[in-house]
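With our numbering applied, the sequence shown covers 47 to 574.
Please note: incorrect hints may appear among the correct ones.
Derived Cβ-Cβ restraints for the label pairs, each shown as a range [claimed, not checked]: (1) Ala218 to Val303: 24 to 32 Å; (2) Ile327 to Arg347: 26 to 34 Å; (3) Ser214 to Glu443: 30 to 38 Å; (4) Gly136 to Thr415: 47 to 55 Å; (5) Gly281 to Cys528: 48 to 56 Å; (6) His288 to Ser344: 35 to 43 Å; (7) Ala218 to Ile273: 28 to 36 Å; (8) Thr215 to Ser344: 49 to 57 Å.
Computed cross-link-like contacts, EDC-like style, restricted to lysine to aspartate or glutamate with a CA-CA straight-line distance of at most 16 Å [claimed, not checked]: (9) Lys442 to Glu213; (10) Lys351 to Glu534; (11) Lys351 to Glu538; (12) Lys340 to Glu243; (13) Lys509 to Asp437; (14) Lys410 to Glu243; (15) Lys133 to Glu243; (16) Lys191 to Glu243; (17) Lys133 to Glu144.
These are calculated hints, taken from the structure and not from any lab test.
As the structure is a computational prediction, the values presented were derived from the model and not from experiment.
Where a beta carbon is used, it is the ideal one built from N, C-alpha and C, also for glycine.
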Amino acid sequence: MTTIAEPMRAAATMAVETGEGGDPTHIVPLVSEEKDDTSDMKQPRKCCGCFLGNQMAIGYNTLGLGRGGVVMSNIYLAGSLIYLACKESGGVDPITNECDDSDLTVRGGMKPSALVSNISIISGLLSAFLMPVFGAIIDYTDHRKLMGIISIVILTTIQGVQIATIESTWFAMAVLQAIAGFIYQVQVVSTYAYLPEMAREVGQKRMNNYTAIFTQSQFGSQATFTILVIGISVGLSLSTVHTAMVSQTSVVLWCVVFFTLGWRYLPPRPARHVLKDGQWILTAGFTQNWNTAKAIWSQYRKGLKWFLLALIFAEASAAAITNIAIIYLTDVVGLSITQVGIFFLVALLGTIPGAKMGSIITHKTNPNTSWKLSQICLLIALIIGALALDDMKGPKELCYLWGISVGILLGWFYPTENLFFSMCLPRGQEAELAGFFVYCTQILGWLPPLVFTVLVQSNVDQKYGVISTSFGFLVSVFFLSCTGSWDEIVAEADHNKVLDLVGEDVQTIGKKDLEISKGGSDEEETSM
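Please construct the entire structure, taking both the sequences and the accompanying hints into account.
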């Protein structure tokens with residue numbers, strides 16, 4: 047299961063150019079202006095007017111369009127799975143067609159309302175334990191493109207099979223959905239690996255423009271897909287199950303078109319590292335992550351260490367919002383699947399003013415303070431929303447106010463998170479640590495859904511389950527409070543040791559030394 051704010055994740059491999067004192071001014075790529083051999087690679091046909099013919103940019107953007115449809119289709123499928131599980135347990139009211147599973151269970155004692163959270167647990171555990179293996183394939187082999195293609199074939203096939211989600215097949219489809227959630231992350235990792243190389247090829251200024259287009263395109267894809275499915279569902283007065291069928295049919299077409307075109311444009315890439323004698327590809331990723339974590343812990347005590355610890359818990363809670371909200375809105379609030387789709391469309395639209403609001407607050411404070419405030423506000427919004435909607439007396443549509451509030455806060459949360467990360471990075475290893483960043487976002491993705499499942503299975507009111515999953519934000523704020531001052535965080539990133547990620551010699555490097563190695567000058571000084 048994936049989050050509606052996933053386009054924001056694309057900015058995680060970008061940095062911000064800073065002025066005096068580390069004040070953010072604008073986004074720049076996490077690489078220098080230098081070119082590499084990717085500029086001379088053999089390219090397929092030019093696409094006039096599309097990113098000036100840059101094939102990697104065209105491919106990356108097209109894959110983002112495909113992911114937009116997959117993300118939103120999860121909403122409708124989740125609603126269908128909950129409904130079918132509830133119907134099997136006998137909990138569907140024949141008059142209102144709503145589910146009441148407070149005393150009912152299916153398949154091994156599981157409550158229907160715990161189904162989606164269990165799917166998230168399985169996907170999260172698979173990502174936490176297996177993602178380093180696929181990261182190693184990207185780093186140590188030339189199979190990056192092959193892995194991306196295989197992942198989209200599997201993902202698209204699963205989406206196609208899930209068109210047949212009915213009473214007799216819902217459990218098998220739920221198992222497939224857990225696998226699909228993991229495969230989606232493999233696709234994301236394979237795709238994001240192209241960003242640093244793309245930025246080196248096109249340079250800083252053009253990459254700024256590309257990144258904005260990437261985010262806008264996937265946002266547009268998500269909104270378009272949602273409007274399409276809602277329009278068909280309302281126009282034909284479809285049931286929850288039939289709406290999910292329409293959604294799955296649409297997303298298969300979405301995947302075939304955009305994923306096929308996207309990977310056609312992205313080129314194969316050589317290995318970035320070479321395995322040492324006796325090193326095994328299946329353990330190389332775990333070893334590299336462990337060495338990276340130890341080096342960060344010992345060398346970056348003011349900023350990066352605490353940021354990554356905070357990231358692990360913040361991302362776990364943020365990612366859980368989508369999945370838990372689907373359960374709460376359908377099971378407690380009683381929204382139809384179409385209304386749930388509208389809820390997430392409203393939330394998606396809310397990220398636009400949220401990003402602007404976050405930018406203003408960050409400018410007046412600093413990324414650390416701004417990110418802490420966004421998490422505190424998210425925690426408060428989730429608590430208020432869960433308590434208010436549980437006892438709501440007015441029209442159900444009032445929950446859309448909660449949706450836009452959460453959307454605004456996520457629009458503040460994600461860009462600020464990415465900005466903080468980019469400014470506390472050690473110079474010269476931004477591309478390598480971008481991969482470690484993505485892994486940290488997956489480590490505890492299974493924990494909030496597990497807490498929710500345990501509470502629901504124990505007959506605890508779901509509103510408390512929603513509240514409990516948001517407390518990762520509090521842990522994150524605690525770790526962020528352990529950092530040094532913002533000036534110390536920026537200074538630590540500007541002058542420190544280059545991390546020994548692949549077992550090579552560690553060298554001390556200063557900001558001026560780095561600028562000389564990149565051909566820069568004091569006037570062109572940047573801070574990431």
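Numbered hints the structure breaks, given as an ascending list:
6, 9, 12, 14, 15
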